[in-house]
Amino acid sequence: MNWINNTPFFILQLIGFYIVLSVIIHVCIAITSILKNQIYLNRKEFTDYNTLASSSNAPNISVIKVIYNQENTILQSVKLLLLSHYNNLEIIIINNGSTDNSLQNLIKTYNLKPINVYINKEIDSGPVKTIYKSTNPIYKKLIIVDKPISNNADSLNTGINIASGKYITHINTNYVIKQDAILKLSKPFLKETTQKVIASGSVIKYAENKKSATILSRIISLKHTRILLLEYMAWTKVNELLFTPGLFMIFDREIAIKCKGYTPNTSSLDMELTMRMRQYMEEHKTAYTISFIPDILCWKKEEINFKNILTKKSNWTLKKLESLKSNKKIIFNRKYGTLGLVSYPYWFLFKFLTPIVKVITFIYLLVLGSTKQISWLSIISLGVLLYSLKITYSFIAILTKIITQHKNNQNNSVVKQIVAAILEPIIFTPIVIFSFFKGSLQYFTKK
Amino acid sequence: MKILVAEDDNLIRSALEFRLKKDNHDVTLAIDGKDALKKIDEQIPDLVITDIMMPHISGLELVGLIKEKYQNQIKIIVLTTMGQEDVVLEAFGLGADDFIPKPFSPNELSVRIKRFAIKKI
Amino acid sequence: MLQLLFYITVYTSIVLLLMMFFFSYLNKVKKQKYSVWEKESNELINTFIFIDNNTVLELPDDIHTLKKNPFFRTFISQKIITAVKNFSGETTRNLKQLYLLLELDKDTLHDTKHVLGHLKTRAIRNVGVMNLKNFEEIVFENTNHKNDLIRIEAQVALIRLTGFKGLKFLNIITYPISEWYQIVLLRELKTLDPEKFKGIKIWLKSFNKSVIVFTLKLIANYHLFEFYPDTVKLLHHKNHKIRLQAIRTLAKIFNKNTPKELLSIFENETTENKIAILKELSSFKEQSTIPYLIELLKQETPTLQIVIIKTIAKIDTEGILLLEKIPNAHTPPLNNIILQLKEEQAYELD
Numbered sequence: 001m002n003w004i005n006n007t008p009f010f011i012l013q014l015i016g017f018y019i020v021l022s023v024i025i026h027v028c029i030a031i032t033s034i035l036k037n038q039i040y041l042n043r044k045e046f047t048d049y050n051t052l053a054s055s056s057n058a059p060n061i062s063v064i065k066v067i068y069n070q071e072n073t074i075l076q077s078v079k080l081l082l083l084s085h086y087n088n089l090e091i092i093i094i095n096n097g098s099t100d101n102s103l104q105n106l107i108k109t110y111n112l113k114p115i116n117v118y119i120n121k122e123i124d125s126g127p128v129k130t131i132y133k134s135t136n137p138i139y140k141k142l143i144i145v146d147k148p149i150s151n152n153a154d155s156l157n158t159g160i161n162i163a164s165g166k167y168i169t170h171i172n173t174n175y176v177i178k179q180d181a182i183l184k185l186s187k188p189f190l191k192e193t194t195q196k197v198i199a200s201g202s203v204i205k206y207a208e209n210k211k212s213a214t215i216l217s218r219i220i221s222l223k224h225t226r227i228l229l230l231e232y233m234a235w236t237k238v239n240e241l242l243f244t245p246g247l248f249m250i251f252d253r254e255i256a257i258k259c260k261g262y263t264p265n266t267s268s269l270d271m272e273l274t275m276r277m278r279q280y281m282e283e284h285k286t287a288y289t290i291s292f293i294p295d296i297l298c299w300k301k302e303e304i305n306f307k308n309i310l311t312k313k314s315n316w317t318l319k320k321l322e323s324l325k326s327n328k329k330i331i332f333n334r335k336y337g338t339l340g341l342v343s344y345p346y347w348f349l350f351k352f353l354t355p356i357v358k359v360i361t362f363i364y365l366l367v368l369g370s371t372k373q374i375s376w377l378s379i380i381s382l383g384v385l386l387y388s389l390k391i392t393y394s395f396i397a398i399l400t401k402i403i404t405q406h407k408n409n410q411n412n413s414v415v416k417q418i419v420a421a422i423l424e425p426i427i428f429t430p431i432v433i434f435s436f437f438k439g440s441l442q443y444f445t446k447k
Numbered sequence: 001m002k003i004l005v006a007e008d009d010n011l012i013r014s015a016l017e018f019r020l021k022k023d024n025h026d027v028t029l030a031i032d033g034k035d036a037l038k039k040i041d042e043q044i045p046d047l048v049i050t051d052i053m054m055p056h057i058s059g060l061e062l063v064g065l066i067k068e069k070y071q072n073q074i075k076i077i078v079l080t081t082m083g084q085e086d087v088v089l090e091a092f093g094l095g096a097d098d099f100i101p102k103p104f105s106p107n108e109l110s111v112r113i114k115r116f117a118i119k120k121i
Numbered sequence: 001m002l003q004l005l006f007y008i009t010v011y012t013s014i015v016l017l018l019m020m021f022f023f024s025y026l027n028k029v030k031k032q033k034y035s036v037w038e039k040e041s042n043e044l045i046n047t048f049i050f051i052d053n054n055t056v057l058e059l060p061d062d063i064h065t066l067k068k069n070p071f072f073r074t075f076i077s078q079k080i081i082t083a084v085k086n087f088s089g090e091t092t093r094n095l096k097q098l099y100l101l102l103e104l105d106k107d108t109l110h111d112t113k114h115v116l117g118h119l120k121t122r123a124i125r126n127v128g129v130m131n132l133k134n135f136e137e138i139v140f141e142n143t144n145h146k147n148d149l150i151r152i153e154a155q156v157a158l159i160r161l162t163g164f165k166g167l168k169f170l171n172i173i174t175y176p177i178s179e180w181y182q183i184v185l186l187r188e189l190k191t192l193d194p195e196k197f198k199g200i201k202i203w204l205k206s207f208n209k210s211v212i213v214f215t216l217k218l219i220a221n222y223h224l225f226e227f228y229p230d231t232v233k234l235l236h237h238k239n240h241k242i243r244l245q246a247i248r249t250l251a252k253i254f255n256k257n258t259p260k261e262l263l264s265i266f267e268n269e270t271t272e273n274k275i276a277i278l279k280e281l282s283s284f285k286e287q288s289t290i291p292y293l294i295e296l297l298k299q300e301t302p303t304l305q306i307v308i309i310k311t312i313a314k315i316d317t318e319g320i321l322l323l324e325k326i327p328n329a330h331t332p333p334l335n336n337i338i339l340q341l342k343e344e345q346a347y348e349l350d
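Residue numbers (the UniProt record's numbering), protein chains in the order written: chain B, 1 to 447; chain A, 1 to 121; chain Y, 1 to 350.
Looking at chain B on its own, in the form it has when it is part of the complex:
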């Protein structure tokens, strides 16, 4: 019977061990990330993107944009794409069965004419109605594809089939990319020597209205800062940029085709494709890398409110579960190198399962406390410890941002960030936990 009495102690030891291990790992990752970020900032001084912008040797890149009923915004989006600081660009707009005047507006504005194009279907994709090109040579980069409505993956695959660029990228409806985004993201491909660069990405940030920023938007902004400064760069050092939620990415078209493009019936298209591309390279034992640019090159125009965040986060859980299912062969599989042995397990244990661990720990401690097996004071102390750890981690991110970005962060802006850091565990963590369970429920009930 001893083990029944000792179980609570044992489980508490386990929780303690999990916390300490988590802290050590996070600190190591943070230090690596900060160092790598600094190296990137130092190197930035010597990168003259003008060289690439004005070079005819710049690789051809195809940008694919799928539209559905965007008659009010499509012209502006296309205009912005045409003004990218990158010359060897092909812009493919896929009109996914719009019922409004999106197509007509494009035809009129850009003097489009239907042309016959043979589509070499290297990836399975649905039928296409008409393809248009402009009669005006200024818009020779533009291709408009009109097709019947289908899922997003199919539309993107149509785009990939039509694309003639060596690299491809796609831009979602509410995304706005910086004019030099493609320039910066294409550089890693040209810098490859011993490892093939299969994709390159950068973080997508919410377009922030600084004047009317709410606490929630500040928390999200803080989260992005943490990811950017304390996480992603570290993972690229070990070449394991895993689970790229919310990254704007450019892919190698040939490898994407070999991986059969985007998969329908998954909610996270880029994430899935990246995983399959990685698997492909591992299976073919080819040295590869995924580059990460720690600059904000793309913004998402979306309102930040509780409802949106909750929906988004539960969708993310759904996507991650789908991804776990389709990639389950990777975990702890030596065949996949550090991907299978280190990063996937790390992500699974210390990122994905954290909401469950938190809830189970919380419930367990409540049970222990109400049955007087441990004192309430101990439980509260543990809670305070976890809270302080979270805040300290955010403080490290804020401080790193202040030091490295040399912006004149007026003190009131620093104060606002600190307040966001302090309130995040109270406001945001419950949302994360709730959406985790909501997303999981959706996944299992869908099954």
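Where hints are given, some of them may not hold.
To be verified - Selected chain B positions facing chain A (in silico; Cβ < 10 Å):
1) Asp-48
2) Ser-54
3) Leu-82
4) Asn-87
5) Lys-140
6) Gln-179
No lab work stands behind these hints: they were computed from the structure.
From the three backbone atoms N, C-alpha and C, an ideal C-beta is built for every residue, glycine too.
Dock chains A and Y against chain B, hints included.
Below, chains A and Y alone, put in the same frame as chain B:
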């Protein structure tokens, strides 16, 4: 002549201002395309000198917008490192009056501007 | 253990909080200081850029004081470099004078031996931009540095200092030169007046594959017809990237045998290289290649069939009529491809 310089690099902006003022031109400075449009609306210049790679509104977009609104009332010189044929053609296609690749000689720019001044007279 | 962690965490957060406010304040002070320096250095640079030929160049008094501040020296050094990169002509000579008057060349000499990579890189870059010829040896020593940034800046600086002779680093370099850095080097060479190249034959036999690729690009860019036989030999190199560049280079120094030479390697080539060969063949407009291309249509993948058909159409304006006569011309996918081609040709004529 009233000249507006749209250039995001501080040093080049100040050098252009210095040189053009030396030539007795009335110079307004803009830090990017958005700022340039605002200042043009406040006081219509005779000539706009613009870079292409600028934040918010690119130089080429600026050229298009100026020509659309003001037609030949405002002359435009594009000054940029992006010297490929496509870009040059696009700039002229949108209505630019001259195109100078960087690196450039401020003295040469000054002479080209004098040409516009003479034509105006 | 957790208790210890708790205390560490609390102390750390307090320290971090204080550091945040401190650095924030420091940034503010820095910004104010920099805006004053910005104004001073712009004025100084403008004065030097636009100075009359007969005026003696001298530093103003307030700059004499400022120039003792090492942060100001770094600041103005960056400004001068930006100015030199953006302006051409007389202005750059005057800026070099300014650089020497401020004794920034001494800082540069010191930093070329710096331990910190990015400071060393900056110094080497400055040597090239400011054309400090007496630093040539130091620069050459670093052209094969293990840090890729130091390496490329040294290579570029050497070219700036000595022109085409600077390419001598290709004799010694052991690290690969990426596509990006090849673009950077070619851009640098573009600014020079063409000279006779010494070393092409050696570089074409380099054990460093990227050196061979780069040399082939030089042959292409400068139309060095005398290296035609050497380029043809490289069509049979075991590395596909070298073969690809050899294909592209041959097109720039072609003679009447080139189409035949390209077709002789076609069969065993990678898809990418096959597409490159077809692209070059379309510019030669050599009618005798058409029968072979039509034969290829029967065995190649749809990806290549599209390119072959376009090539035939470009070689011969009546190409489409020829294509319509071949077997399978009226069945998919050939019929669709031919139809697309007809439309594209009509579109181009409009």
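Okay, the hints, checked on the actual structure:
no., hint, in the structure
1, Asp-48, "holds (9 Å)"
2, Ser-54, "holds (5 Å)"
3, Leu-82, "holds (9 Å)"
4, Asn-87, "holds (6 Å)"
5, Lys-140, "holds (9 Å)"
6, Gln-179, "holds (6 Å)"
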